[in-house]
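Protein chains: 2
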Amino acid sequence: MRTLTWDQEKQELRMIDQRQLPARLEIISCRSYQDVAEAIQNMTIRGAPAIGVAAAFGVVLAACKSKKTNLQDLQEEIQQAATIIISSRPTAVNLSWAVQRIMKIARQPFVMKQDLINSLVTEAQKMANEDIDTNKRIAEHGAGLIQDGDTIIHHCNTGALATVDWGTALGVIRLAHLQGKHLHVLVDETRPRFQGSRLTAWELEQYGISYEIICDNAAGYFLHTRQAQKVFFGADRVAANGDVANKVGSYMLALAAHANNIPVYSVFPTSTVDLNLENGDLIPIEERDSNEVLDIKAHDQPVAPIGAKARNPAFDITPNYLITGLVTEKGLVSPPFQQNLSRVIHE
Amino acid sequence: MRTLTWDQEKQELRMIDQRQLPARLEIISCRSYQDVAEAIQNMTIRGAPAIGVAAAFGVVLAACKSKKTNLQDLQEEIQQAATIIISSRPTAVNLSWAVQRIMKIARQPFVMKQDLINSLVTEAQKMANEDIDTNKRIAEHGAGLIQDGDTIIHHCNTGALATVDWGTALGVIRLAHLQGKHLHVLVDETRPRFQGSRLTAWELEQYGISYEIICDNAAGYFLHTRQAQKVFFGADRVAANGDVANKVGSYMLALAAHANNIPVYSVFPTSTVDLNLENGDLIPIEERDSNEVLDIKAHDQPVAPIGAKARNPAFDITPNYLITGLVTEKGLVSPPFQQNLSRVIHE
Numbered sequence: 001m002r003t004l005t006w007d008q009e010k011q012e013l014r015m016i017d018q019r020q021l022p023a024r025l026e027i028i029s030c031r032s033y034q035d036v037a038e039a040i041q042n043m044t045i046r047g048a049p050a051i052g053v054a055a056a057f058g059v060v061l062a063a064c065k066s067k068k069t070n071l072q073d074l075q076e077e078i079q080q081a082a083t084i085i086i087s088s089r090p091t092a093v094n095l096s097w098a099v100q101r102i103m104k105i106a107r108q109p110f111v112m113k114q115d116l117i118n119s120l121v122t123e124a125q126k127m128a129n130e131d132i133d134t135n136k137r138i139a140e141h142g143a144g145l146i147q148d149g150d151t152i153i154h155h156c157n158t159g160a161l162a163t164v165d166w167g168t169a170l171g172v173i174r175l176a177h178l179q180g181k182h183l184h185v186l187v188d189e190t191r192p193r194f195q196g197s198r199l200t201a202w203e204l205e206q207y208g209i210s211y212e213i214i215c216d217n218a219a220g221y222f223l224h225t226r227q228a229q230k231v232f233f234g235a236d237r238v239a240a241n242g243d244v245a246n247k248v249g250s251y252m253l254a255l256a257a258h259a260n261n262i263p264v265y266s267v268f269p270t271s272t273v274d275l276n277l278e279n280g281d282l283i284p285i286e287e288r289d290s291n292e293v294l295d296i297k298a299h300d301q302p303v304a305p306i307g308a309k310a311r312n313p314a315f316d317i318t319p320n321y322l323i324t325g326l327v328t329e330k331g332l333v334s335p336p337f338q339q340n341l342s343r344v345i346h347e
Numbered sequence: 001m002r003t004l005t006w007d008q009e010k011q012e013l014r015m016i017d018q019r020q021l022p023a024r025l026e027i028i029s030c031r032s033y034q035d036v037a038e039a040i041q042n043m044t045i046r047g048a049p050a051i052g053v054a055a056a057f058g059v060v061l062a063a064c065k066s067k068k069t070n071l072q073d074l075q076e077e078i079q080q081a082a083t084i085i086i087s088s089r090p091t092a093v094n095l096s097w098a099v100q101r102i103m104k105i106a107r108q109p110f111v112m113k114q115d116l117i118n119s120l121v122t123e124a125q126k127m128a129n130e131d132i133d134t135n136k137r138i139a140e141h142g143a144g145l146i147q148d149g150d151t152i153i154h155h156c157n158t159g160a161l162a163t164v165d166w167g168t169a170l171g172v173i174r175l176a177h178l179q180g181k182h183l184h185v186l187v188d189e190t191r192p193r194f195q196g197s198r199l200t201a202w203e204l205e206q207y208g209i210s211y212e213i214i215c216d217n218a219a220g221y222f223l224h225t226r227q228a229q230k231v232f233f234g235a236d237r238v239a240a241n242g243d244v245a246n247k248v249g250s251y252m253l254a255l256a257a258h259a260n261n262i263p264v265y266s267v268f269p270t271s272t273v274d275l276n277l278e279n280g281d282l283i284p285i286e287e288r289d290s291n292e293v294l295d296i297k298a299h300d301q302p303v304a305p306i307g308a309k310a311r312n313p314a315f316d317i318t319p320n321y322l323i324t325g326l327v328t329e330k331g332l333v334s335p336p337f338q339q340n341l342s343r344v345i346h347e
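Residue numbers (this note's numbering), protein chains in the order written: chain A, 1 to 347; chain B, 1 to 347.
One should not assume that every hint holds.
Since the list gives no way to pick out one identical chain from another, each pair is judged satisfied if it fits inside one copy or across any two copies.
Calculated pairs, DSSO-like style, for lysine-lysine (alpha carbon to alpha carbon, straight line, at most 27 angstroms) [to be verified]:
{"no.": "1", "residue 1": "Lys104", "residue 2": "Lys330"}
{"no.": "2", "residue 1": "Lys330", "residue 2": "Lys181"}
{"no.": "3", "residue 1": "Lys330", "residue 2": "Lys126"}
{"no.": "4", "residue 1": "Lys309", "residue 2": "Lys297"}
{"no.": "5", "residue 1": "Lys67", "residue 2": "Lys309"}
{"no.": "6", "residue 1": "Lys136", "residue 2": "Lys330"}
{"no.": "7", "residue 1": "Lys136", "residue 2": "Lys10"}
{"no.": "8", "residue 1": "Lys126", "residue 2": "Lys136"}
{"no.": "9", "residue 1": "Lys67", "residue 2": "Lys126"}
{"no.": "10", "residue 1": "Lys67", "residue 2": "Lys136"}
{"no.": "11", "residue 1": "Lys65", "residue 2": "Lys330"}
{"no.": "12", "residue 1": "Lys113", "residue 2": "Lys136"}
{"no.": "13", "residue 1": "Lys113", "residue 2": "Lys330"}
{"no.": "14", "residue 1": "Lys104", "residue 2": "Lys10"}
{"no.": "15", "residue 1": "Lys68", "residue 2": "Lys10"}
{"no.": "16", "residue 1": "Lys297", "residue 2": "Lys113"}
{"no.": "17", "residue 1": "Lys10", "residue 2": "Lys67"}
No lab work stands behind these hints, which were simulated from the structure alone.
Given these sequences and hints, build the entire structure.
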């Protein structure tokens with residue numbers, strides 16, 4: 001089952017409503033490019049590769065549903081729709097990559113409106129199929145990085161749901177599992193929208209891969225105590241220097257892995273690379289509605305599959321080299337703490 | 001209003017039920033040492049200094065409610081109660097510090113049972129009052145670290161609710177605010193129990209201090225983009241070398257601050273220091289029920305005060321130096337990414 005499918009007869013794009021998982025597997029239909037832009041914006045569909053292909057079908061829908069008969073008018077209308085679709089989310093570059101790719105078709109000279117539409121459908125279908133092929137090639141390149149017995153910390157969702165099918169980082173893990181390697185995944189829940197505990201855990205259940213859910217802030221504990229050997233996540237945009245924009249929290253996770261000499265892999269199709277941007281600080285960061293953070297009641301459903309397991313360390317250790325000062329009732333204690341703390345206590 | 005108060009007439013310990021905040025300010029009564037141990041275990045009361053003083057009153061209750069008339073039998077029963085109270089939570093050393101302190105009184109020779117009880121009550125009350133004095137001294141030592149205009153990232157709750165009154169790290173921030181400094185606090189929500197968004201935000205509302213709630217995993221974004229100038233948190237146990245055990249997530253927060261040359265302060269009374277432990281890796285880390293992570297429905301109330309604001313960046317940037325490899329459909333790209341990524345893309 002694909003995350004999104006095109007129904008040629010009804011001229012609609014069907015997609016899994018990822019907001020309803022893991023409670024319900026519901027399919028919604030987009031019948032206009034506005035529907036697609038809204039589904040991307042409200043995260044009915046998410047994941048850089050998936051929203052890229054969805055956006056391409058959004059352009060298809062703009063053409064199909066247009067009342068324009070004059071080819072030039074139609075192409076102008078498609079161009080306006082493309083601009084709106086691209087603006088639905090700013091960070092993932094796959095969105096504009098996909099729209100630009102299909103707009104190359106849309107701008108070609110056509111005689112008949114139906115020819116233009118047919119060409120757009122063909123191109124969008126090709127992009128959907130290519131996405132799956134690309135993901136499988138990614139998995140072949142990445143699976144060798146995973147050793148038998150590894151525990152992997154994974155952030156957000158990068159599985160079949162984040163793509164047309166198969167997945168990127170989770171696709172690598174999936175292939176390593178199919179190769180017979182014994183794996184365990186510590187699934188970052190991924191606040192505020194719980195894509196880890198809702199979507200990744202749900203996928204891992206389907207694949208029969210062992211996992212436990214952790215709060216994002218607990219990854220440091222598991223890395224420092226050598227309970228994880230690898231970190232994997234996806235990417236929403238990669239700058240020319242290899243800086244990776246990805247779901248919030250990836251940076252802190254990578255810092256914690258790096259501090260403990262644990263390898264970090266970011267997994268993505270090359271359509272995610274933006275060679276126009278020299279470094280990551282130039283990548284626009286979307287800031288979303290604060291209610292995603294504040295309104296926990298909006299999650300009126302379980303945030304994890306039934307029967308999911310979790311790890312819940314209540315504390316962690318901050319090594320002294322990270323601390324500037326210890327403030328006590330006897331004064332501010334500065335490094336070196338080994339000497340100064342004992343002196344202050346015994347004063 | 002104190003987080004916990006002793007009612008001498010009714011011989012009960014009253015405490016704010018911190019599980020109900022910010023929806024309801026409810027007071028519960030502990031009438032036995034078992035009630036106190038349970039309130040500590042289920043986090044009706046939490047915060048290292050607060051659970052220390054609560055534990056001392058637990059010992060008081062063990063004495064008050066004992067049916068033993070023989071002094072030696074009574075003292076044995078109190079000792080058993082003390083052991084149970086200490087075992088209610090393992091990480092914060094204040095708990096055993098406080099119980100050991102009051103047990104010094106309990107073990108003294110007494111003639112009358114009532115004399116023993118009176119001495120215990122006096123000692124526990126003294127500890128409660130000392131906690132407030134200590135916190136105010138801590139604040140005086142710490143407030144100078146905060147500059148006018150600072151934005152501070154704060155983890156968990158370290159305010160009046162984490163102590164008998166006033167608070168540790170949040171007490172420092174509170175005093176700096178009273179000194180007229182303009183501050184803003186980015187409040188880590190502190191998964192899984194939301195002590196930041198539920199308790200710290202609620203306290204900041206009372207004090208009139210400007211704040212916004214963030215997901216724990218977003219702190220790195222705000223530090224990297226220079227939207228915060230200081231990091232403050234408390235401590236549950238500090239080893240002799242200055243390693244700090246604190247609420248899970250403190251480590252990743254400190255890593256992110258350190259990577260961006262932003263100072264990190266851990267604030268605590270010296271009763272939190274355990275000079276018997278050479279370093280933090282020797283500190284026992286409590287692992288709590290996984291339902292705290294999985295069962296979001298258990299939060300059948302708002303996780304933030306009404307009208308609370310939040311920041312919600314959806315992505316962050318992982319700098320290339322933290323990344324071991326980029327996995328694409330064209331192969332594994334290794335550092336230096338600046339050259340290798342461009343080469344792979346153009347192949």
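> From the Cα coordinates, with 27 angstroms as the cut-off, is the pair Lys113 and Lys136 best called within, between, both, or neither?
Replying inline: neither (35 angstroms within a copy, 77 angstroms between copies)
>> Checking an output row: Lys113 and Lys330, CA cutoff 27 angstroms. Within, between, both or neither?
In response: Answer is neither; intra-copy 81 angstroms and inter-copy 37 angstroms both fail.
> From the Cα coordinates, with 27 angstroms as the cut-off, is the pair Lys68 and Lys10 best called within, between, both, or neither?
Replying inline: within (19 angstroms within a copy, 83 angstroms between copies)
> Under a CA distance limit of 27 angstroms, which applies to Lys330 and Lys126: within one copy, between copies, both, or neither?
Replying inline: between (69 angstroms within a copy, 19 angstroms between copies)
>> At most 27 angstroms between alpha carbons: which applies to Lys309 and Lys297, within, between, both or neither?
In response: For Lys309 and Lys297, both the intra-copy (22 angstroms) and inter-copy (16 angstroms) Cα distances are at most 27 angstroms.
> Taking 27 angstroms as the upper bound on the Cα-Cα distance, should Lys104 and Lys330 be classified as within, between, both, or neither?
Replying inline: For Lys104 and Lys330, the Cα distance is within 27 angstroms only across copies (24 angstroms; inside one copy 70 angstroms).
>> One pair to classify: Lys330 and Lys181, alpha carbons no more than 27 angstroms apart. Within, between, both, or neither?
In response: between (54 angstroms within a copy, 23 angstroms between copies)
> Within a copy, between copies, both or neither: where do Lys10 and Lys67 come within 27 angstroms Cα-Cα?
Replying inline: Answer is within; shortest intra-copy Cα gap is 17 angstroms, inter-copy 80 angstroms.
> When no copy is specified for Lys67 and Lys126, does a C-alpha distance of 27 angstroms or less occur within a copy, between copies, both, or neither?
Replying inline: For Lys67 and Lys126, only the intra-copy Cα distance (26 angstroms) is at most 27 angstroms; the inter-copy one is 82 angstroms.
> How do Lys104 and Lys10 come out at 27 angstroms by Cα distance, when the copy is not named: within, between, both, or neither?
Replying inline: For Lys104 and Lys10, only the intra-copy Cα distance (25 angstroms) is at most 27 angstroms; the inter-copy one is 81 angstroms.
>> When Cα atoms must be at most 27 angstroms apart, do Lys67 and Lys136 count as within-copy, between-copy, both, or neither?
In response: neither (39 angstroms within a copy, 72 angstroms between copies)
>> If the cut is 27 angstroms between Cα atoms, do Lys67 and Lys309 qualify within a copy, between copies, both or neither?
In response: Answer is neither; intra-copy 52 angstroms and inter-copy 44 angstroms both fail.
Taken one by one, the earlier hints fail for this structure at numbers 5, 7, 10, 11, 12, 13, 16, listed in ascending order.
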